[in-house]
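Peer 1: Model the full structure from these sequences, guided by the hints.
The listed protein sequences derive, respectively, from chains A and B. Each residue of the first sequence is one higher than the last, beginning at 49 in the numbering used here. Each residue of the second sequence is one higher than the last, beginning at 49 in the numbering used here.
Worth flagging that the hints you see were computed from the coordinates, not collected in a lab. Treat the hints with care, as some may be off.
Because identical chains cannot be distinguished in the list, a pair is counted as satisfied if it fits within a single copy or across any two copies.
Unchecked claim - Computed list of lysine-lysine pairs in PhoX-like fashion (alpha-carbon distance at most 25 Å, straight line):
#, residue 1, residue 2
1, LYS195, LYS144
2, LYS336, LYS424
3, LYS424, LYS168
4, LYS148, LYS64
There are 2 protein chains.
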Amino acid sequence: MKQSQLFTKTRREAPKDEVSKNAQLLIRAGYVHKEMAGVYSYMPLGLRVMNKIVNIIREEMNAIGGQELHLTALQDRGPWQASGRWDDAIVDNWFKTKLKNGTDLGLGFTHEEPLTAIMKDNIRSFRDLPVYTYQFQTKFRNEARAKSGIMRGREFLMKDLYSFCHDLKEQEAFYEVVKKAYVKIFDRLGLGEKTYVTFASGGSFAKYSHEFQTLTEAGEDTIYIYEGNNTKTIDGYKIAINKDVLNDEVLKDLGIKREDLKEAKAVEVGNIFNLGTRFSDALDLVYKDEKGQPQKVFMGSYGIGPGRVMGTIVETFADEKGIVWPEAVAPFAVHLIALFDVSGKVKAAADKIYADLSAKGVDVLYDDRDETAGTKFSDSDLIGIPTRWVISEKTLAADSIEIKDRKTGKVEMKKVK
Amino acid sequence: MKQSQLFTKTRREAPKDEVSKNAQLLIRAGYVHKEMAGVYSYMPLGLRVMNKIVNIIREEMNAIGGQELHLTALQDRGPWQASGRWDDAIVDNWFKTKLKNGTDLGLGFTHEEPLTAIMKDNIRSFRDLPVYTYQFQTKFRNEARAKSGIMRGREFLMKDLYSFCHDLKEQEAFYEVVKKAYVKIFDRLGLGEKTYVTFASGGSFAKYSHEFQTLTEAGEDTIYIYEGNNTKTIDGYKIAINKDVLNDEVLKDLGIKREDLKEAKAVEVGNIFNLGTRFSDALDLVYKDEKGQPQKVFMGSYGIGPGRVMGTIVETFADEKGIVWPEAVAPFAVHLIALFDVSGKVKAAADKIYADLSAKGVDVLYDDRDETAGTKFSDSDLIGIPTRWVISEKTLAADSIEIKDRKTGKVEMKKVK
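Peer 2: Structure (structure tokens):
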């Protein structure tokens with residue numbers, strides 16, 4: 049894409065009311081627009097990053113047998129009353145609205161209830177299970193405070209996967225499958241090293257659930273990382289515990305000592321949860337087993353917020369000059385910067401490189417604007433595309449282009465014809 | 049995909065409260081789930097069709113220079129008060145909600161206002177124009193009645209394109225570009241022959257706007273089609289007029305006579321609209337021209353509802369047995385139906401064909417279920433995939449598979465090794 053045609057402009061200052069680093073940088077670079085606290089529109093650059101994150105997650109959900117669907121935001125009270133989650137005194141972050149006839153509706157903050165209701169129409173016999181369904185869908189949560197930029201939205205995209213299984217054993221086995229898939233996802237997103245599979249509160253049906261917590265000072269959670277015997281793992285995962293569940297019993301369960309734990313700030317980029325029969329009890333979701341006897345369906349739910357992931361990546365890798373994207377999620381692979389000369393030679397050479405790279409399927413942002421070198425470089429640093437190719441009179445004189453790595457700052461000259 | 053793994057089931061009856069043919073068929077075949085009137089979830093089959101429609105529209109939007117972005121559903125009252133569209137007495141189909149602190153929010157029914165506000169941050173000089181941006185985004189409209197299935201949603205996906213131009217001339221030229229793109233889109237979607245570029249009310253800034261109206265008895269609109277001299281066109285388009293604007297002046301403008309018009313029911317599958325400076329006036333969106341003088345930006349908006357298109361396709365092509373998808377939007381290209389024998393030979397042969405077709409990149413739904421031939425055929429007719437391949441003991445005995453066209457019913461035998 050030619051940068052002269054990108055309608056967003058970089059800016060020196062973020063809005064004054066924006067306190068989070070991720071949103072400050074993303075707004076300044078033209079990735080997102082702040083509509084209000086916790087509500088951000090995605091501009092073309094931001095949508096490109098979001099789509100890359102979504103596609104990585106989608107590939108891994110499909111790889112474990114997930115079927116993609118798309119539920120609605122508008123929610124009828126029925127299934128939520130059945131589960132006990134309709135009342136604002138129980139769930140305090142509903143957005144509610146009304147039909148013209150006065151009927152109360154909610155805006156979905158999650159989708160266990162409507163999906164369980166859908167399964168009641170489709171699951172009859174043991175042959176119909178297990179089922180794994182997921183979606184990328186906009187959630188609405190009426191947060192009292194939203195100061196973490198795109199890491200905590202009042203309106204945000206979520207990937208939510210739900211499993212429907214014959215029994216606890218099958219459910220627990222799939223839970224482990226998702227755990228592995230999530231590890232792979234965060235590895236592919238560039239967050240693997242800093243992300244911990246973290247013991248968290250399990251609710252009614254399991255002693256623990258697991259959160260995927262990425263270390264960052266911008267995180268709202270506190271976790272404890274085990275730093276004792278560094279070969280010790282549980283099920284192959286490094287050990288971390290959410291502060292909320294840290295007590296003597298947990299330490300005993302995991303066979304570790306409190307003094308070997310280090311406190312750290314982190315953000316929950318994903319979670320996986322055994323729901324047991326909580327929702328199939330409430331909504332009476334049963335199947336007939338081989339003997340024709342009704343049995344309750346066991347469920348699990350598994351979330352990742354692509355926007356929160358995007359914010360976490362910004363927080364994790366940004367430097368004093370701006371954003372630094374990992375290759376897998378960068379809006380473009382190459383930022384081609386032409387420092388035009390009067391003769392038009394640089395433009396001709398840059399146009400050719402742009403055409404050649406594009407023909408090869410490389411995603412290029414081509415800075416063809418009539419701006420100074422200083423502006424182009426500082427914009428490029430702010431936008432954070434992994435590799436910068438610079439072409440100027442000077443590089444052309446050496447039959448070269450200058451290639452700079454955004455992350456390391458390493459520069460090399462590459463010969464061109 | 050193996051049909052045994054598709055969690056949705058076909059059903060004989062649609063919900064009793066569902067009166068529209070499109071939703072009845074789509075629910076019975078497992079494409080959508082009705083949450084409430086005008087609010088439908090998309091099941092895996094439905095999402096596949098939706099994505100194909102979306103991708104066709106996206107390709108054509110990109111081809112005319114559209115930049116894709118994604119705005120929010122939650123709307124701050126500010127820009128809407130500026131344009132005069134916040135008040136429920138003016139816009140009667142808002143869904144409204146509240147932040148915890150009592151602040152009123154709306155759920156976007158369209159996005160002229162917030163996008164104009166975004167452009168205020170980005171458009172400064174004549175060099176920044178024109179800009180064409182579009183999105184696929186969920187709209188909310190609090191319709192008093194919603195009886196047309198997925199053709200009139202209270203919550204529905206919309207492609208909305210907005211143009212920002214230097215002046216009226218440039219705006220009007222882009223309007224014609226979009227008109228051509230829309231004709232191409234509806235052609236590709238299989239609706240070209242039945243879709244008319246229809247004169248409709250133009251609002252404050254143009255004498256006419258244009259609706260794309262597809263003939264169907266399920267439509268809520270009435271249009272008049274010119275059937276006089278059938279070589280007569282306007283700008284190359286056949287002539288049609290929305291009932292709302294039909295009067296002597298229009299007839300004179302178009303140079304036609306009332307007796308040459310035939311009344312027909314139709315559904316508005318798209319519309320294009322010159323907005324003039326309506327929103328740039330209200331929100332003070334200006335740019336500096338070559339002389340440094342401030343000038344108002346001219347705008348246009350252009351909508352297509354992919355869900356409405358999907359419903360229209362169902363209404364248009366369905367027969368007494370079920371849905372009939374055009375190839376371009378079908379959830380799968382081939383429905384492979386195996387009528388298993390005891391020996392396992394049919395299964396082995398069908399498995400191989402499934403693997404071979406999949407390896408070639410053909411999207412196949414493989415009915416590997418343990419069901420009768422009658423059930424498999426009637427499900428297949430209902431689901432409506434364009435081509436059915438049947439493999440059975442009988443066809444194998446002739447080293448063949450039976451290939452049936454869903455639309456024409458034409459059957460031919462094809463030799464296989």
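Peer 1: Are the hints correct? Go through all of them and say.
Peer 2: Now the hints, each set against the structure:
{"no.": "1", "hint": "LYS195 x LYS144", "in the structure": "both (22 Å within a copy, 23 Å between copies)"}
{"no.": "2", "hint": "LYS336 x LYS424", "in the structure": "between (66 Å within a copy, 23 Å between copies)"}
{"no.": "3", "hint": "LYS424 x LYS168", "in the structure": "between (57 Å within a copy, 22 Å between copies)"}
{"no.": "4", "hint": "LYS148 x LYS64", "in the structure": "between (38 Å within a copy, 22 Å between copies)"}
Taken one by one, the earlier hints all hold for this structure without exception.
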